[in-house]
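Fit chain R with the ligands to the supplied structure of chain S, relying on the hints for placement.
Quick note, the sequences are listed as chains S and R, same order.
To convert, note that position 593 of the first sequence is 593 in this note's numbering; the numbers rise steadily by one, no gaps.
Convert by adding 1000 to the 1-based position in the second sequence; the result is the number in this note's numbering.
Simulated from the structure, these hints should not be mistaken for lab results.
Hints may contain errors.
To be verified - Derived CB-CB ranges, DEER-like: (1) R/A1125 to S/P9: 20 to 26 angstroms; (2) R/P1147 to S/I98: 37 to 43 angstroms; (3) S/V78 to R/E1214: 28 to 34 angstroms; (4) S/A138 to R/R1292: 33 to 39 angstroms; (5) S/I523 to R/V1221: 43 to 49 angstroms; (6) R/P1220 to S/I98: 50 to 56 angstroms; (7) R/A1159 to S/A89: 19 to 25 angstroms; (8) S/P9 to R/V1015: 48 to 54 angstroms; (9) R/G1094 to S/E111: 47 to 53 angstroms; (10) S/A72 to R/P1142: 36 to 42 angstroms; (11) S/V78 to R/T1127: 49 to 55 angstroms; (12) S/A89 to R/T1127: 50 to 56 angstroms; (13) S/A51 to R/A1189: 42 to 48 angstroms.
What the hints assert, rightly or not - Among the chain S residues that face chain R by a calculated CB cut under 7 angstroms, a handful are: (14) H76; (15) G80; (16) A89; (17) P92; (18) R95; (19) L231; (20) H429; (21) Q590.
Built from N, CA and C at the ideal position, the CB exists for glycine as well.
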Amino acid sequence: MIDKASFQPPPIGRVVATEQKPATPHQFHFWTANETSIGIGAIVRVEGFGAGDSGRVVYGVVTDGFAYSDLATPLHDVVGAEGDPARAAEHPTVRQEIRLWTAAVLRQRPEEPLQPVPLGAVHVASDVDVAQALRMDAYLGGEQPTAIPVGLYTSGGLEAPVYLDADFLLGPEAAHLNISGVSGLATKTSAVEFLLASIFQHFPPHKGRVAAVCFNVKGPDLCFLDQPGALEDEDRRRYERLAVQAQPFERVRYYAPFKADGVNLNTLRTHPDLVGDVEPLVWGLREVLDYAEVLLNRDDIDAKADAFIDFLADRVVDKEFDDGFGGAHRVVTFADLERLFRSIFDGLELAGRGDTWRTHHIATIRKVRNRLSNISTRCKGLVTDDGPSSDLPWGRFEDRAVYVVDVANVDPLGQDLVFARAVSKLREHLERRDLGVDAVVVFVDELNKYAPGDGPDTYVKKMLLDISERGRYLGLVLFGAEQFRSQVHRRVVGNAGTIVFGRMDSDELATPGYQVLSPATKIKLATLPIGELMVRHPHFTQPIFVRFPRPGVLRGRDGVERFPPAADLPFEDAVVRQLVKLDRRVRPNQVKDLIADRREEDVRRALAHTRQARPQDAFAHFKKHLGGRVAAVPAAARESVAPLNRISDEPY
Amino acid sequence: MSRSWVDAILAAGVVPASHVPEASVGRVDLEEFTGADPVEDPELRVRSLVGAPALAPPSVGFLDGIEQWRVVGYAGVTPIVRAHVAAAIRLREGDRRLRTVAENADELAITRLDRLPDAVRGALAGTGVRVVEIPADDAGQPARALPAARLEVQKARAALERRLAERRLARLGSDEWLVVDGVLSDSPALSAHPRAVGVVKSHGAEYFEGPELERALTLPVLHRTSVFRPKRRGARREIYSWYLRLWPWEGNDLLYGLLRVEARAHPGTVALAPRISAWLVGERAPLATPDRRWDRLLYPIYDVESYLRARAPRDLLPAPGSRLPRTGT
Ligand SMILES: Nc1ncnc2c1ncn2[C@@H]1O[C@H](COP(=O)(O)OP(=O)(O)OP(=O)(O)O)[C@@H](O)[C@H]1O
Ligand SMILES: [Mg+2]
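Okay, chain S solo, but in the shape it has when bound (with noise of 0.2 angstroms):
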């Protein structure tokens, strides 16, 4: 400790102040030897001495930097060559130079009084200096430590471990991650898996339990979060100095909705290795209705569908209903409320009952069925009438489990729906406190399509306003991504209590967001390597560098090489595969001959009451929902979900 305490390093620059160039309560000036560790981002320590100063530590980060020689003025450099540069070169003696560098406060110690910084020596920071100048002794050490490793604050050869505080990181003083940068060079999605595996690892054991949702939506992006990726030397000892395991994630539940047939999934994650445990994610009617409002505000928002879809949620699905034209319904699948609407418009035909049917007019009618049936149609393989649906695991969530929710390939209305839906399920879960878990780190890629700064107030865009905006005390959080910051919604940025920034486009450093960065940090973030990001934090002053391993899983990219997907398997096979997915005894060939000649959606209604049920022995629980053979009938007669109407665009 004495011996600690006594060593202490030369110091490596001063701080000088001038009336033009002062010290000041929040930033300094210090000069170093031409030859020096310091660059843009190294925190260095201040120590003051003589009367008043001493005693006094300041901490810094260094904003920016300047060389400049004694020469009055670049025309007597000519006049000294005669106007040759190679002449410049030979000089018989070097100038004398200055390395100059501004850094901004981090931390004065003591804290009050507020003082300029004083003129005395600079040191670089040391691991205990990082911890301080960061403040994150508070959150280090104590009963409670709430340290989550981020990355290695790295320069002139010192390297700190540098900590995020789960609380607020996760909740409940602040809350959310926004990572931004450009696309392939900034790792967004390699960092935030890599902060997912130390939050999973490093999630003090007071605050509970703590998962994670994340939303696939580009490729194979986040399909083999449970397999292990190539990892570097250099890479292993970051994460051994960071104390964080390099290794896939334990627990990952892959959820994707089929595809048309309603049998293949629709992932890239469909090799025969790991299809196995990708969980189809299939909403029927009801689960749909709930949400319809994201459906309609895309376009318009109308108070007059609203009303007419909370009745049909509430007076007509799922129970006896009668149309006022003598047909009696039970609603539960889409094929059941086409059937609804059609009688509802014969019958105002028939009957010339003019244009209203309990109060609601047809115009709005034909708007609602419009809309749903037009997402029935585009997202064919999520929204389904065959039988039950399949969804995440709504109050049976696990701790330290990945919820992957790949709707990569659905189309753009399909996602909004699956946003919504997830987004608010976990919302209400998590306000009931019955999800399984206490916290659920929610990362949404390419936010800017779903929170974008312009356009129409969607439906998922006010939903990932609320999430930001509220919840923090839920412990709802929500990790997201994009290219460019300025492309989101202010708000939803504004309130990540976290921002991390990877390489940025220099047009994008350019815009209103950035003017408080100097321009020599600027100019670091836009020629950032791999690996390196800037972290800001409600804990630390200003933005720190730091650097990140590889994340432990196999890339996406590299995911699809190893494990090439499977080509869409024929009906029957692909039937087969999911049956013997929940009972391998099944034989295929005996299901084969069950289903040879079935209806499509008879075998599917089946497979999903099967696939919910989880019975012993799956085949003969399949066999007994497919009931008796019956006569084939031709396609065109089918019975589910009509190739309905085109949208109309149409005034009604």
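Just chain R with the ligands now, with coordinates in the frame of chain S:
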């Protein structure tokens, strides 16, 4: 040394003053015509440097000194001057950067002790500051006392420079040269050393008349005169010298870019004069701007001076602004 001795004499009754006499910048060395003997040519000639290979010593020390002074108080009408003199040698080696290898500074009180009240004299003695006296004749009249004090400051500085130079010369590396700002001939050791060069920027002393003088002072750029031997004056040692023009004077002034170089009185100097001249011409760049004397001031000398000024006590610099009466305490 701190200002403490000044406080002590003020406490002893000296009336505080703060005055840097006008003509204190730069040195005067106006001397009478002294004459010179020819060495290289029977009569002073103009020689071109074109084609002369430059001497390129791998390491060169540059020596310069500074002086700063200020009247800090009056006992009656007798001034008490506080002076700071300093000198340094900065060595340039392979990396073309200058590093201080020798340095010395001194602080003195200049006055006339027998004109001070006992209390002040006692106070001064008690502080241990080195006291230098001006001649009794000059002490009575402030108009003469200040120039006399100034002369003492200059002498102190010259002595400091000489001591530093001689100490360095004693262990000068075999391929190391020493370039001195000013004359060599004040010092026996300097004026005899084979690798010491004096570079004189002020031309108070005149060694020629008539056509020879004209040749010397209208020397074209990148030319030098023949080597000559200034006639000995007083304690000065025998030395060889020549003029050298660094920048074209036409359009400026006769003395613009004109240096006088001194080296030991030895046949070797005549042989080396072209190479030393070419070397010094090479030292024109980098320019020693913004110093007003940049046309003659070698950058390394300027650098030594900047170094010394940066380290001089701040309270001796002429106060910026006016000399209006101070208000308050
Ligand atoms: N810590 C790291 N060190 C070195 N390379 C890394 C690191 N993290 C990620 N990479 C590499 O950087 C590349 C880009 O990463 P990533 O896909 O995460 O970027 P992105 O910002 O999400 O890009 P996009 O905008 O296209 O989605 C990947 O090839 C990845 O292997
Ligand atoms: Mg990405």
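Against the structure, the hints come out as follows:
no. : hint                                  : verdict
1   : R/A1125 to S/P9: 20 to 26 angstroms   : violated (45 angstroms)
2   : R/P1147 to S/I98: 37 to 43 angstroms  : holds (39 angstroms)
3   : S/V78 to R/E1214: 28 to 34 angstroms  : holds (33 angstroms)
4   : S/A138 to R/R1292: 33 to 39 angstroms : violated (58 angstroms)
5   : S/I523 to R/V1221: 43 to 49 angstroms : holds (44 angstroms)
6   : R/P1220 to S/I98: 50 to 56 angstroms  : violated (38 angstroms)
7   : R/A1159 to S/A89: 19 to 25 angstroms  : violated (40 angstroms)
8   : S/P9 to R/V1015: 48 to 54 angstroms   : holds (50 angstroms)
9   : R/G1094 to S/E111: 47 to 53 angstroms : holds (49 angstroms)
10  : S/A72 to R/P1142: 36 to 42 angstroms  : holds (38 angstroms)
11  : S/V78 to R/T1127: 49 to 55 angstroms  : holds (52 angstroms)
12  : S/A89 to R/T1127: 50 to 56 angstroms  : holds (52 angstroms)
13  : S/A51 to R/A1189: 42 to 48 angstroms  : holds (46 angstroms)
14  : H76                                   : holds (5 angstroms)
15  : G80                                   : holds (3 angstroms)
16  : A89                                   : violated (10 angstroms)
17  : P92                                   : holds (6 angstroms)
18  : R95                                   : holds (5 angstroms)
19  : L231                                  : violated (43 angstroms)
20  : H429                                  : violated (69 angstroms)
21  : Q590                                  : violated (87 angstroms)
When each numbered hint is compared with the structure, violations occur for hints 1, 4, 6, 7, 16, 19, 20, 21.
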